[in-house]
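Chemist: Sequence:
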Amino acid sequence: MSRRDNTLERQNDAELGQLHGKIKQLRSVTIDILSDSQRQNEQLDRTANTFTQFTNSLMTTTRHQARTFSAQSAPKQLRTIGYIVLALVLVYLFGGFVLGLVMGGGKSEGGIVVGDEAGVGL
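Everything in the sequence shown is counted per the UniProt record's numbering, starting at 1 for the first residue and increasing by one.
These are computed hints drawn from the structure, not numbers from a lab.
The C-beta atom is built at its ideal place from N, Cα and C for all residues, glycine as well.
Each hint should be verified, as a subset may be incorrect.
Stated by the list, open to error - Using C-beta positions, here's what the derived DEER-type ranges look like:
hint, residue 1, residue 2, range
1, R27, L99, 24 to 32 Å
2, Q43, S70, 21 to 29 Å
3, M103, V29, 44 to 52 Å
4, R67, A87, 51 to 59 Å
5, V91, T50, 21 to 29 Å
6, R46, V91, 40 to 48 Å
7, K22, G104, 31 to 39 Å
8, T47, K22, 52 to 60 Å
9, G96, R46, 31 to 39 Å
10, N41, I81, 28 to 36 Å
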């Protein structure tokens with residue numbers, strides 16, 4: 001073999017080595033994509049199952065509530081609805097109060113803001 005043939009053979013071997021490395025990288029990326037898509041599909045299946053269970057539970061509760069209300073008289077229904085509305089209002093007010101405390105807001109005494117929040121400084 002001539003020197004030129006040896007040089008071309010080495011270049012071919014180097015190019016084949018680079019190509020083999022790129023193919024290995026591509027294979028690795030493909031496997032990663034496959035495993036990621038399988039994980040996502042499993043997560044979607046779990047989410048779908050959760051929503052299906054929630055839907056069934058909600059339908060069962062609704063049917064039970066409908067049977068309960070149909071067995072009661074009108075004043076009892078109104079009283080039950082009133083209790084529910086009152087409970088929701090109390091939860092709303094209590095939640096607002098707790099959020100006000102958690103968020104910190106200005107501390108006040110008799111409507112006057114005290115401390116650093118008063119903006120008093122030299």
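Chemist: Hints numbered earlier in the text: which of these fail when held up against the supplied structure?
Modeler: Hints 1, 2, 4, 6, 7, 8 and 10 contradicted; others consistent.
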